[in-house]
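Chemist: Single-letter residue listing:
There are 2 protein chains.
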Amino acid sequence: MAGDDQRALQYEQTLMYGRYTQELGAYAKEEAARLREEGGWRRSVRERSRSLELLEYDRSRCAKCRICTVRCQKFLISRVGEDWIFLILLGLFMALVSWVVDFAIAICLQAQKWMYGGLESNVFLQYLAWVTYPVVLITFSAGFTQILAPQAVGSGIPEMKTILRGVVLKEYLTFKTFVAKVIGLTCALGSGMPLGKEGPFVHIASLCAALLSKFMSLFGGIYENESRNIEMLAAACAVGVGCCFAAPIGGVLFSIEVTSTFFAVRNYWRGFFAATFSAFIFRVLAVWNRDEETITALFKTSFRLDFPFDLQELPAFAVIGIASGFGGALFVYLNRLIVQFIRKQKTINKFLMKKRLLYPALVTLLVSTLTFPPGFGQFMAGKLTQKESLVTLLDNRTWAKQGIAEGFDYIGNSQAWNHPQVNVFVTLVLFIVMKFWMSALATTIPVPCGAFMPVFVIGAAFGRLVGESMAAWFPDGIHSDGTIYPIVPGGYAVVGAAALSGAVTHTVSTAVIVFELTGQISHILPVMIAVILANAVAQSLQPSLYDSIIRIKKLPYLPELGWGHHEKYNIRVEDIMIRNVMYITLNCCYRDLHDVLLTGHLKTLALLESSESMILLGSIERAQLQALLSLQLGRPRMLEYLRDRATAEKKRLSMVSHPGSEDGSQRVNQEVRFQISTEESSFSSTPTPSMKPLKPALKRPSVVDRPPDISTSPQDHSGNTLKNLFCVNPETEGLEDDFDVDDDMTIREIAEWEENQLDEQVNFDNCKIDPAPFQLVERTSLHKTHTIFSLLGLDHAYVTSIGRLIGVVSLKELRKAIEGSVAVKGVKVRPPLSSFRDSGTSGSSSSNSENEATELHKLWDRHKSMSLPREHLASDSDEKSQ
Amino acid sequence: MAGDDQRALQYEQTLMYGRYTQELGAYAKEEAARLREEGGWRRSVRERSRSLELLEYDRSRCAKCRICTVRCQKFLISRVGEDWIFLILLGLFMALVSWVVDFAIAICLQAQKWMYGGLESNVFLQYLAWVTYPVVLITFSAGFTQILAPQAVGSGIPEMKTILRGVVLKEYLTFKTFVAKVIGLTCALGSGMPLGKEGPFVHIASLCAALLSKFMSLFGGIYENESRNIEMLAAACAVGVGCCFAAPIGGVLFSIEVTSTFFAVRNYWRGFFAATFSAFIFRVLAVWNRDEETITALFKTSFRLDFPFDLQELPAFAVIGIASGFGGALFVYLNRLIVQFIRKQKTINKFLMKKRLLYPALVTLLVSTLTFPPGFGQFMAGKLTQKESLVTLLDNRTWAKQGIAEGFDYIGNSQAWNHPQVNVFVTLVLFIVMKFWMSALATTIPVPCGAFMPVFVIGAAFGRLVGESMAAWFPDGIHSDGTIYPIVPGGYAVVGAAALSGAVTHTVSTAVIVFELTGQISHILPVMIAVILANAVAQSLQPSLYDSIIRIKKLPYLPELGWGHHEKYNIRVEDIMIRNVMYITLNCCYRDLHDVLLTGHLKTLALLESSESMILLGSIERAQLQALLSLQLGRPRMLEYLRDRATAEKKRLSMVSHPGSEDGSQRVNQEVRFQISTEESSFSSTPTPSMKPLKPALKRPSVVDRPPDISTSPQDHSGNTLKNLFCVNPETEGLEDDFDVDDDMTIREIAEWEENQLDEQVNFDNCKIDPAPFQLVERTSLHKTHTIFSLLGLDHAYVTSIGRLIGVVSLKELRKAIEGSVAVKGVKVRPPLSSFRDSGTSGSSSSNSENEATELHKLWDRHKSMSLPREHLASDSDEKSQ
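Those protein sequence lines, which keep their order, are chains A and B.
Quick note, the first sequence lines up with residues 1367 to 2248 if you use this note's numbering.
Quick note, the second sequence lines up with residues 1367 to 2248 if you use this note's numbering.
Hints in this document: simulated from the structure, not taken from any laboratory.
Check before you lean on any hint, since a few could be wrong.
As the list makes no split between identical chains, a pair holds if one copy fits it or if it spans any two.
Unchecked claim - Below are the DSS-like pairs computed for lysine-lysine, each with C-alpha atoms no more than 25 Å apart in a straight line:
1. Lys1542 to Lys1720
2. Lys1580 to Lys1542
3. Lys1721 to Lys2178
4. Lys1580 to Lys2150
5. Lys1666 to Lys1749
6. Lys2150 to Lys2134
7. Lys1920 to Lys2017
Working from the sequences, and respecting the hints, build out all of it.
Modeler: Shown next as structure tokens:
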């Protein structure tokens, strides 16, 4: 765990969900670059080895035969590179994993039942067995996951959503995580807690795809392409859902809805292909294992086909939908509340963080105590496993006849619902209420688990409740035309399950999953109506469960545009963009660079042609600029300067000529440059050399590293400081002549030298410049901006007007704009600058943009004048400290 | 028709499908701009009237009450603006349309049957009735559509695909088209020809959405937003399919697969919501009309639930899938072949174009003669309508027992398949073969019609054939474990229908449509397997039917990337881009503008800062530049010049001072400018004033307008020529002083004046500049480029390197690259410049791009030297003609 934490720098391990403390973008990009380089190296090695092989073959006698073999091999390898081979392998493997996990879970649950059954004589021992078993399993699962790969905790769908948006969360797709997730999930579900396997299976399938991709890349180079990998991950998500529920279509749709914002239809077939194959193998395994006679649905129902429901029952279905909407929102809220409550209570949090396994154990103890069948569990069908309850709930026979459950002979598991003293309605209500908070609580346990299945069961129970009520209310059915068609409560359960799970996940495709799970599509219209209503209610109240977790985990995300908020079409980029962009120009000097780096915090900086033309040339990463600056002010250059000075000194001593001519010309050159840029950077063009040396200002961002008293001590070597600030490995270089030269220079000399260095023009030759950063226009609507950002996975875009940079929009602004308008709703949300727009609606864009530009200049000047005092303050404090 | 044709400029009416002869982009953009302006005007009018109303209210006595009313009204209006109201209205309306159309079709078909039944005594009269009825209906449909709105012809899905890609095909969404499509479709389907209603319904729903949007925009301004309209159109497509088949889920998926390349998941709910509501109303109407007892599927089946199929039947399903794949490709090919054959045979084409209604009449005559029940029709169940055949084909009872159809009592329509002399297998085979070519032929008739339903029926028949064979082969079923589960041929029919329609349309979602149509999902795995196999086969052989029609109609499109073509990931933009981009610079003179306009044909031109820096500032449309040039060389300026000269003359006569000082300074200014741009445009900087006057060169593009002998006559006024060339309305202005000034100038003077004008610097002030044209980098992969192009609906993108323009990629290049690599397949497709890339794979992007830039300069120079002779030639010929 320790090693893993070290690698995944920004991941903070918290009690329930991990949390990201820093923006991941930069780290992810570096990792991606590193991986790419590694890939390139590996490829070249492979190619070399291949050619070596060929050479060897040529030497041997039977050349023809060998060549043929090589060709066959090549052909096979090229086939292996095909997508469908990959997808079949993925589907096959995931089906096996799903089946094995299911099998193991079934054995675990059977073992618990067997233990519970064997101790029937002693209630206390029975209780101990009933409680200890899940506590041990959950604790093991939690501990195992924490030790091996803490990233395996939770559902995995939020992470996949983030990854498919283009963010590289590398540590999420490792073999360790795979092992931890599979074993942790099996144990967690084997405990009988109200947890699901869907979300984790999405993660497991993605892990499989990533690992398979890595494995396959030993054969062909195509597996190293990034965009292809993302396509494959999207297909893997579909496989995950598909093989979990044996629901290929629903799986594809659910994974699209849950993980994508924009879906490429050309990848559609991948998901369908892999998910179908996977579901097929998953069900075939069941047939081969003699569990089933042939391939059928997982929770097969047998409702009436000829008259599934009456038209007049539709209001009841609509009620289920609306109530499920509220229920779903409540579930998400409750889940978040629990997490936030425990996080906020610092004493609890601290205590639990120390004893990490205590929290899962306590929760499990509580839940399993309450479901203990001879205890409170008898009133809520506590002895049934999740699967058994679902099967009984979807049963097509009516439990309640004439209002009270009496005439019906409960067979098999159904009798768990039939408590001798208590009405079946009470059992159902208790089941719903208890399972509701239990599920919300249980899904916060740090084990690999999903919330889909528990919610699904609760929804089914709620639907059943409504259905039984209807059946009790209309014992002979509603239909008026002679024939008696009694009401089927099972159909209501199907509707309820789809509606509640749809509300929690904010998806419509749960409807399709329900059809595939039950193998019947006769209730399509009620299900669709209920799911849509539930979504409408839930989406207006709460984010989806996955978005909620994304927020809790602080994953980098972009919120969705809500339903039908018109103001989105009216907000424009000019209303939300930041106008005082930090930029550098092609002909700027290191001092400007330094100032810009000190004031801004953006990851990338715009590179302009010049500050008059404001023409955008590209963008440079902050790190690159820091490297440039450190190179300029670094030790090696100083040493070189000293050496030069020494030789010049020697020369002067030997033949007394006039030195410094080169330096003088350079200075003139710089002055010309400064004349040009005076209008903008009046502050930096009036250097007051010895009064406020720049060294301490440079040091300021790094006060965290060392206490201030050290930095102000006269023994300090500014070159070293700089290195500590910016360089990656400051220790290795220039150590041999550390002492013999440094002592030559006084602090004043160093400062002067640094001043000179800062006045030089920046050389961008070795700098990586992003040559085409994404550009928007002022008039781009928020709606379109959101689309473009989520389509292309951007994290910032520059706003230009005829090539001139006039602003920048980052994810942050966009998020703020969207959330602002989502929160308030209505016409009130008039963003600060939108009034400008109304004046010039049509035509004359050039004149308009000119106004914009002059306004920008004003803004820029204002910013400059505002930033001046701050700068002065900084130097004041520096003077004090000197 | 004439009026419509005038408006829809580029639409050429051909025999079967219309064809686009020009690129639509420019026209569409102009139209969009015009519409937007109109909208703005309307809004301002509306606002004024509203404020007037408010004033009136204020004057009245009961002010409070009135204010309340106004508020209520406002609230209602704001509600009307909500998406869901729009979607409900759309769903409701489309359900009504669908139901009415179905009702009318049913009546038409009943009438035919009644006529046919009433004349049973005389076979000849019977034949006449059987044949005349459809011929009349189809001819009426064709004629009506042609007269009212020729755009209503055909399916409509290809057009919707194009529209959703961002191309404005305005004439496709008018009320006229709506009327023509609905009435034409009803008549065409009422004739009993093998035609479908799905494609047209997608179009009708889109028409509805567009018209409703227009209507709703009377209430709120939001309906004028373009991107919202496109979202609504996407939802409308789903509604179209949904209410046609009562299949909301399948409808949404099918419409996504067929019309989108990238789908925004946030629009998902719109489609589901509207389609569900529409399907619901559609089925409720059937219940209210006492056609059905309750809401069920359209083609309800009642297959066995407990054992739908055996595992060992899966190979048979796979065979159906593969065969359907080939069949689907053949269908698309056959359809295209028929269109192309008739188009190529010029004599046939000419004859048929003159008598437009002859072709539909002939085709109908042929088809209905062959299906005449007492004739050949008896061997192919000719008397059944499409719907009846489908119902019988999906029947769950087996027709063939023990190899020969003997023991089974055919009830109702099923007996049509049971010819006393002929085996049921022969009937099925004949049905399949005949219907196959009939459908391919019938869908080329210029009436509103789709091909989905006919193909669906053929697929069902093929599936049934396989099923019956299996049933005959294994009379007691395949299952080995005691229980007898006989084979259900109806299940095979379902599989076949889904597979063949999936193969023709290249969609997977036909599987879902099939489940919703039949109301049973038990065969999910066989259907999915067959559909995927069929798609795999068909997609590797032929484009989808809709893509095929797009190509025939020459709609602006971008082909899809094929399945798993790896080389797409290796081709980069630098390999396909055009390197010698036509550009203009900020400081260019009108001569450069003129040269650029003469040589290039692109719709937009890049605007650079200068030809040394090559920094891209934006792009300007060709039309804008032409307007600029015409303004500079136009009559008003010449008149002004003459007036100035006259006054100067007068002045000189009155007081003999030194004139032309202003002109001189301007000339100096220009010379300085030329010095700067000499390196690049050496040709244009060496003016040879009187030797080759520019006027005739300018005239050259417009020789189409007037015969050359007129333009070379000495009486010609060059100003007028220019106006004719570029101006929009040349007649209205400057007529009064036409004769008194023009005669003052000789041709030589005019030429000189024009020379001077051309040397002036271009003033871009009143020019609309696109400030942020889309930019790519050289290393962007083809795959990503394709993604971006289809995501954002671009038609060209500039390739830049650190702000400098180095190339351009348009849809054409992209299409070429994709089709090239699709056609050849394999490693052979090594694009011309890809070898450059291999040398510098990693890092050092800046140095790399510099090489690129120098290479670009070389290329540019070469281009210049190559273009010189052409220019000379042009002027030579002009000299000759003078």
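Chemist: Return the numbers of the hints above that this structure violates; sort them in rising order.
Modeler: 3, 7
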